[in-house]
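Just so you know, the protein sequences line up as chains A and B, in that order. Following the working numbering, the numbering of the first sequence begins with 1 at its first residue and continues without gaps. Following the working numbering, the numbering of the second sequence begins with 1001 at its first residue and continues without gaps.
Simulated from the structure, these hints should not be mistaken for lab results. Check the hints yourself; a few may be wrong.
Distance ranges between label pairs, derived from CB positions [stated by the list, open to error]:
#1 P104(A) - R1112(B): 25 to 35 angstroms
#2 G1534(B) - P75(A): 31 to 41 angstroms
#3 G42(A) - F1501(B): 54 to 64 angstroms
#4 A82(A) - G1479(B): 28 to 38 angstroms
#5 A97(A) - G1449(B): 53 to 63 angstroms
#6 V62(A) - G1539(B): 47 to 57 angstroms
#7 V60(A) - L1162(B): 47 to 57 angstroms
#8 P1378(B) - A93(A): 49 to 59 angstroms
#9 D1275(B) - L53(A): 17 to 27 angstroms
#10 A1188(B) - A93(A): 33 to 43 angstroms
#11 W1181(B) - V62(A): 23 to 33 angstroms
#12 L53(A) - C1340(B): 28 to 38 angstroms
#13 G42(A) - V1243(B): 32 to 42 angstroms
Sample of chain B residues at the chain A side, in silico, Cβ under 8 angstroms [stated by the list, open to error]:
#14 A1080
#15 R1204
#16 F1208
#17 G1265
#18 R1284
#19 P1285
#20 L1301
#21 V1332
#22 G1339
#23 F1501
#24 G1558
Backbone N, C-alpha and C fix where the C-beta goes; we use that ideal spot for every residue, glycine too.
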Amino acid sequence: MSTRRTPRDELAEATPHGRLYLRRLIRRQLGLSMLALVAFGGFLGSLPLALYLLPGLQDVDVLGVPLPVLLVVLPPYPVFVAFGWLYARRAAALEDAFRELVEPVE
Amino acid sequence: MIALAAILAVTGATVGLGVYGVRLARTTSDLFVASRAVSAWWNAAAISGEYLSAASFLGIAGLQMKMGSGALWLPLGFTAGYLALLLFVAAPLRRFGAYTISDFAEARLRSRGLRRLSAAIVLLIGGFYLVPQLKGAGLALGEVIGAPYWVGVVTVGGVVALNVALGGMRGITYVQAFQYWVKTFAIALPACLLLIHLGGLPERAAMFGREFPQAPAGGLRVTLDAPQPVTFPEAGTVVADGVRVAATAGEERVLPAGEVVVPAGMAVPVAEGTDAQRGEEWARPISRTGDASPVFVYSLLLATFLGTMGLPHILVRFYTNRDGPAARRTTVRVLGLLGCFYAFPAVYGALGRVLVPELYLTGDTDTVVLRLPEAAWPGPAGELLGALVAAGAFAAFLSTASGLLVSLAGTISYDLARTRGPAVRRRRFRLAALGAMVVPAALALGARGLDISVLVGWAFALAASTFCPLLLLGIWWDGLTARGAAAGLLSGAVCATAAIFTGLVFELEHRSLDAVLTQPAIVSVPVAFAVMAGVSLLGPRGHRPPDAELLALHAPEGLGLGLEEAVAPAR
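The shape of chain A in the complex, shown without the other chains (with noise of 0.2 angstroms):
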């Protein structure tokens, strides 16, 4: 019926102007990912370094155990979910306004 392109036709015929939506979903993605991933190699690259950097905190009790074994056992893995989760959230956002963007709907 309608004989109007949408962005999503371009990218299916694989115009230059689809190539270019195409290549922008890929940096925005990889932006994304490359930020997450900034973030959690921050956290935990920096986990061995503070423990490292600090060897005082070996002397401190915590529940009968020194802090930094109890720090490398229990709370990274809420942590790391918690970083997974944030991103699945985004990643998804963002295919979302890809979606609206390239068929919007009338």
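Assemble the complex: chain A is given as a structure, and chain B must be docked to it using the hints.
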């Protein structure tokens, strides 16, 4: 005997469910069946079930007991690997519809040769990963029925190979999900009961203070099967096979086979390959000296963070997700499920230092999880809980070894051979399943002295140095060429294996160099990335992926642009 019954029950249930499931799914491949309606929770439990191996169940606690709290970085890395998978691989690869890394390599870069190269690396990684599973099985069966080490290796290797050859365990989602809960229950319940029973942590001086692990009141009696070189951390006298052996602090002696008696309160002599550590040193997750050096810790984290995505038996599981976003949801749940499991091995490693110090003398610290319940509760209660952990350990060997062997046999029969009819393929798959078990089993027989976690660490290092750059660059960079990919795969694989074998052959005195050699990821991963990208940029322009391939990887569902929706009308 309860333990043997429990092991037989788990094995029987696994084999039975596998065979029954295959009968149900005779006509269609389970991967397609599962792809229809497996929820994210089931999928996540199945992925976790296949992932939690002997290294997680036995190895972490064993390595922690032997080398100290530095081993606790392992489970963190094992879990963090799924975050890397989530950020860069899960959704695009699911959309691309590639089951295996070899499929991906061929489809993305249009090179048959690259498929073969990937297949060869799959065999290398899978083989490295199978060895520690079999080692765990040999130790566990020895613990439970007192059989020699080789009996367990051969028995479990044979059962797994036959089961896979007969068609069991071919990606049965529900069986693997069941295994996850068996393993988590089996490690969590005894750990919680141990902590309640002991009312906290006993003998804190040996755990976190100035003391070495000591023989308990009443003395320590251990039987050695073979002469054992040991180091005495403190001066003392033990009775070995009826002969008094006196040694000064730091002295090395060889104890003859037979019963060794260590008098009460004396620091337990440690087997070759173990450093005696005082509690305060042992409890440090990272330290300037010793095994937990920063180079080692960071290299280990890097290997596990980037290596998980390259394990051959894991990626295939993601295909049972409905679409890209479902793959992401599944991965987030995997992070949670693994976290639930990994809170517990540390309990065994810590308590083992005090309750079963004889493992320092025999060197079999990998059996600490199996030994601990009976050491804490002599009597029926300990026996019952011991049976539970033995069953969990067997669930770990069976699920991981079967998943690996399915990948290996599939790789040998499909990727490395020319395609023929389905009957020929099926027969070839069976032969490959039996054949692919032979080399790892032989290696496992010779690898008794190596820690399970160290062996698994190599598989991760190798995966991180080969398939991780291939996946990341292949998915996110359209400039990757087949030539670049091949060069990167080769240099990463050579770099990692060469380092590992050098470290194995030469006992190096230099700590940080030793750390890089036993855990080479910190060097080999950047090398692989650099070679892969460099050769792609400098070499002749290869096959530029048409937009259709990038679309297949990245286009959101619902637009009719993806591979599986291409035929469906858009609106």
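Inset, instruction - Indicate whether the distance between the beta carbons of A1188(B) and A93(A) respects the range 33 to 43 angstroms. - result: 36 angstroms, holds
Legend entry - CB-CB spacing for G1449(B) and A97(A) relative to the 53 to 63 angstroms hint: For A97(A) and G1449(B) the Cβ distance comes to about 56 angstroms; the hint holds.
Legend entry - Hint check for L53(A) and D1275(B) - Cβ pair distance inside 17 to 27 angstroms: Hint holds: Cβ distance 24 angstroms, inside 17 to 27 angstroms.
Inset, instruction - May I ask you to test the hint 25 to 35 angstroms on the CB atoms belonging to P104(A) and R1112(B)? - result: 43 angstroms, violated
Inset, instruction - Verify the interface restraint on G1265(B): the C-beta must sit less than 8 angstroms from at least one C-beta of chain A. - result: Since chain A brings no Cβ nearer than about 23 angstroms to G1265(B), farther than 8 angstroms, the hint is violated.
Legend entry - Agreement of hint L1301(B) with chain A interface, Cβ distance less than 8 angstroms: Where the cut-off is 8 angstroms and the nearest Cβ of chain A is about 7 angstroms from L1301(B), the hint holds.
Inset, instruction - Just tell me: holds or violated, for the beta carbon distance of V60(A) and L1162(B) against 47 to 57 angstroms? - result: 53 angstroms, holds
Legend entry - When the least beta-carbon distance from R1284(B) to chain A is tested against 8 angstroms, hint result: With Cβ-Cβ at 6 angstroms, under 8 angstroms, it holds.
Legend entry - Pairwise beta carbon distance, V62(A) to G1539(B), judged against the given window 47 to 57 angstroms: 56 angstroms, holds
Inset, instruction - Identify whether the interface hint at V1332(B) stands, where standing means a beta carbon of chain A within less than 8 angstroms of its own. - result: Holds. Min distance 4 angstroms.
Legend entry - Satisfaction of the hinted span 28 to 38 angstroms by the C-beta atoms belonging to L53(A) and C1340(B): 31 angstroms, holds
Inset, instruction - Double-check G1339(B) for me: the hint is only fine if its C-beta lies closer than 8 angstroms to a C-beta in chain A. - result: Given a least distance of 3 angstroms, the restraint on G1339(B) holds.
Going through the hint list in order, the structure does not satisfy hints 1, 3, 13, 17, 23.
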